[in-house]
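2 protein chains.
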Amino acid sequence: MATDVSNVAIRLAQAIAAGQRRALAQCCSLAESIRDDDQELLSAVLAELPAPARHTRRVAVTGAPGVGKSSFVERWGTSLINAGHSVAVLAIDPSSRRTGGSILGDKTRMQVLANSSHAFVRPQPSGTHLGGTARATRLCIPLCEAAGYDTIIVETVGVGQSEVEVADMVDLCLLLVLPTAGDDVQAIKRGIMEVADVVAVTKSDLDPEASRRAAAMLSGAMRLLQPSSEEWTSRVVLASAVDQDGLTEVDQSVADYFSDVRHDMVMRRRRRQQVRWYDDEVVAMMRLALLANSKVSQTVGEMREAIVAGRLTVPHASSAVVKVIQDVLKQGN
Amino acid sequence: MATDVSNVAIRLAQAIAAGQRRALAQCCSLAESIRDDDQELLSAVLAELPAPARHTRRVAVTGAPGVGKSSFVERWGTSLINAGHSVAVLAIDPSSRRTGGSILGDKTRMQVLANSSHAFVRPQPSGTHLGGTARATRLCIPLCEAAGYDTIIVETVGVGQSEVEVADMVDLCLLLVLPTAGDDVQAIKRGIMEVADVVAVTKSDLDPEASRRAAAMLSGAMRLLQPSSEEWTSRVVLASAVDQDGLTEVDQSVADYFSDVRHDMVMRRRRRQQVRWYDDEVVAMMRLALLANSKVSQTVGEMREAIVAGRLTVPHASSAVVKVIQDVLKQGN
Numbered sequence: 001m002a003t004d005v006s007n008v009a010i011r012l013a014q015a016i017a018a019g020q021r022r023a024l025a026q027c028c029s030l031a032e033s034i035r036d037d038d039q040e041l042l043s044a045v046l047a048e049l050p051a052p053a054r055h056t057r058r059v060a061v062t063g064a065p066g067v068g069k070s071s072f073v074e075r076w077g078t079s080l081i082n083a084g085h086s087v088a089v090l091a092i093d094p095s096s097r098r099t100g101g102s103i104l105g106d107k108t109r110m111q112v113l114a115n116s117s118h119a120f121v122r123p124q125p126s127g128t129h130l131g132g133t134a135r136a137t138r139l140c141i142p143l144c145e146a147a148g149y150d151t152i153i154v155e156t157v158g159v160g161q162s163e164v165e166v167a168d169m170v171d172l173c174l175l176l177v178l179p180t181a182g183d184d185v186q187a188i189k190r191g192i193m194e195v196a197d198v199v200a201v202t203k204s205d206l207d208p209e210a211s212r213r214a215a216a217m218l219s220g221a222m223r224l225l226q227p228s229s230e231e232w233t234s235r236v237v238l239a240s241a242v243d244q245d246g247l248t249e250v251d252q253s254v255a256d257y258f259s260d261v262r263h264d265m266v267m268r269r270r271r272r273q274q275v276r277w278y279d280d281e282v283v284a285m286m287r288l289a290l291l292a293n294s295k296v297s298q299t300v301g302e303m304r305e306a307i308v309a310g311r312l313t314v315p316h317a318s319s320a321v322v323k324v325i326q327d328v329l330k331q332g333n
Numbered sequence: 001m002a003t004d005v006s007n008v009a010i011r012l013a014q015a016i017a018a019g020q021r022r023a024l025a026q027c028c029s030l031a032e033s034i035r036d037d038d039q040e041l042l043s044a045v046l047a048e049l050p051a052p053a054r055h056t057r058r059v060a061v062t063g064a065p066g067v068g069k070s071s072f073v074e075r076w077g078t079s080l081i082n083a084g085h086s087v088a089v090l091a092i093d094p095s096s097r098r099t100g101g102s103i104l105g106d107k108t109r110m111q112v113l114a115n116s117s118h119a120f121v122r123p124q125p126s127g128t129h130l131g132g133t134a135r136a137t138r139l140c141i142p143l144c145e146a147a148g149y150d151t152i153i154v155e156t157v158g159v160g161q162s163e164v165e166v167a168d169m170v171d172l173c174l175l176l177v178l179p180t181a182g183d184d185v186q187a188i189k190r191g192i193m194e195v196a197d198v199v200a201v202t203k204s205d206l207d208p209e210a211s212r213r214a215a216a217m218l219s220g221a222m223r224l225l226q227p228s229s230e231e232w233t234s235r236v237v238l239a240s241a242v243d244q245d246g247l248t249e250v251d252q253s254v255a256d257y258f259s260d261v262r263h264d265m266v267m268r269r270r271r272r273q274q275v276r277w278y279d280d281e282v283v284a285m286m287r288l289a290l291l292a293n294s295k296v297s298q299t300v301g302e303m304r305e306a307i308v309a310g311r312l313t314v315p316h317a318s319s320a321v322v323k324v325i326q327d328v329l330k331q332g333n
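Residue numbers (my numbering), protein chains in the order written: chain U, 1 to 333; chain W, 1 to 333.
For the record, the hints were derived by calculation from the structure and aren't laboratory data. Wrong hints could be hidden among the right ones.
Claimed, not checked - Below, simulated PhoX-like cross-link-like pairs (lysine-lysine); rule was C-alpha separation at most 20 Å, straight line:
| hint | chain 1 | residue 1 | chain 2 | residue 2 |
| --- | --- | --- | --- | --- |
| 1 | U | K330 | W | K330 |
| 2 | W | K323 | W | K295 |
| 3 | U | K330 | W | K323 |
| 4 | W | K330 | U | K295 |
| 5 | U | K295 | U | K323 |
| 6 | U | K330 | U | K295 |
| 7 | W | K323 | U | K323 |
| 8 | W | K295 | U | K330 |
| 9 | W | K295 | W | K330 |
Just so it is clear, the structure is predicted and the values come from calculations on it, not from any experiment.
With the rest of the complex left out, here is chain U (with noise of 0.2 Å):
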């Protein structure tokens, strides 16, 4: 590595170290960038980083659109901080953009946090490019948790693809359900319930019977998805939207998720995503670096086309793109 960029490299991560937003939010603008030269700084900082002082927690916050994912974690981010948290907020917007160097969101939301000493809140841009935003999420954790955020919050938009590969890079996933009319609840995304540590029904105060019919119909769900596990058993509870108590049974699970006693679960868990991570991107780079050969390249997509016509049966068409790869791993470019 050029000696400039470990000069920068280790100037950022000790600005970071010391809780310099200004350097936080750089490093979160390299982490969103697709740039090789962006991306090789970063990974440099992410070298340079101190392990935080602190045992630190990766909250995410998901559910469907509607259901009032920002304004719960608008509450429940002040809530932490008035109980002496530092807290960092990424939230997934499909509505914010990059202009200049700088991210827009188009709504103004979280004002009591973003105006906070003791919270960061970071809107990520989402549908960059696929599997973009959640890469940038999973490399701004680190940064956050370096610069002294002991709480991350991951708020995922609700739709879209990213919602379980969020839940795979935080300790803990909190789903938030909105009880309909009656006592069924909104659909609720493919994957989502299996993943999810703790599901809150929102607005719980507004219809009690219904919230309370939603949780039973919910805790059956989970009973039936979950296998059950020594380490944590999944909880259906309840939150109120006007209240600040309406959060205590929800701060109560969360609290009991990071008990000490479970720390080493929670350990566990941050290396197993690790791993997963690294797999999956040794196979994406190994597309994208063969999928990069003009010749590879084409074959695969005329035997693309040749399947969806009905051409030729998988075999056949993945056997001639197997001979197109091992021509140019034979000769070289």
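Guided by the hints, dock chain W onto chain U, whose structure is given.
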């Protein structure tokens, strides 16, 4: 392709199309082989096979161990044959093993079906290598269809990672659920509820009240987990263990699913499955081809160890892998 391979493939394809069970079994063995020459021959056979004379139906029967999948398949398959169908059963059997080219199931199962001239029962050995069983099953389906079997039943083993993969190679996924004591049901494997098209509560005659409660609970969970579709709304039905009448609701649901008005839906689903299979194959082959290079595989392994040990961050480790891949692609093996 060598001329002799081509000639052998044409003869095998003709024999299968003429309904010769020996040729069908021989090609199923090719599908279960990991030898390159076997796969090449099979690929040539598949290219020579005529399209099935009738519309075919591909149904997965899945559910937890002990739910009675085999006895259900035996009874249902027999009733289908009595109604004029020809049935092929591809049973993924963890207890079967390969002995000198033939496959012996440890359990003697499906005696009635196995002895019928209108049925073909093929245990598929599982656990040979990752993804191998699913691949073999996928390749056997068109072989059975070309041999004149109009209903292909894939019976899964109920444990391991194969269930969701199997659901992606059939038209209809039938999930069997056994109500346990009380109104609870057995825990259901991750991801299966989302892909089930029909859920049958088995042995519903033993405790009708518990079965009805389980069915109501399952219906609720399905509404939560599956987005509504104009094409097909998943159903929960009751299936009795002791009398043929217990199959009526299952038969009715399957017949509705495969009604002429839905034929286009089934064909679209198959086309999507082929494209997904191709895309997955391409990525898997790219990975294998690159890992066959010793420099690549060594770096991938070393970097993975560094991740497991917590010595490197994922961006650092994966950028080291990228550099080696690009070197290999530039210079050739």
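- prompt: Keeping to a limit of 20 Å between CA atoms, is the pair of K330/U and K295/U held or broken?
  reply: At roughly 13 Å apart (the allowed maximum being 20 Å), K295/U and K330/U satisfy the hint.
message: Checking one constraint from the list: CA of K330/U to CA of K330/W, max 20 Å. Satisfied?
response: holds (10 Å)
query: Does K295/W pair with K330/W here, judged by a C-alpha cut-off of 20 Å?
result: The given pair, whose Cα atoms are some 13 Å apart, holds under the 20 Å limit.
Given hint K330/U paired with K295/W - CA-CA distance at most 20 Å: holds (14 Å)
query: Straight-line Cα separation of K330/U and K323/W no greater than 20 Å?
result: Holds. K330/U to K323/W sits at ~18 Å (cutoff 20 Å).
task: Mind checking the alpha carbons of K323/W and K295/W for me, to see if they're no more than 20 Å apart?
output: holds (11 Å)
task: Measure nothing beyond the straight line between the CA atoms of K323/W and K323/U; if it is 20 Å or shorter, mark the hint as holding.
output: violated (24 Å)
query: Given the proposed pairing of K330/W with K295/U, does the C-alpha separation stay at or below 20 Å?
result: Between K330/W and K295/U the Cα gap is close to 14 Å, so the pair holds against 20 Å.
field: 20 Å Cα cutoff - pair K295/U, K323/U
entry: holds (11 Å)
Checked against the numbered hints above, the structure violates only hint 7.
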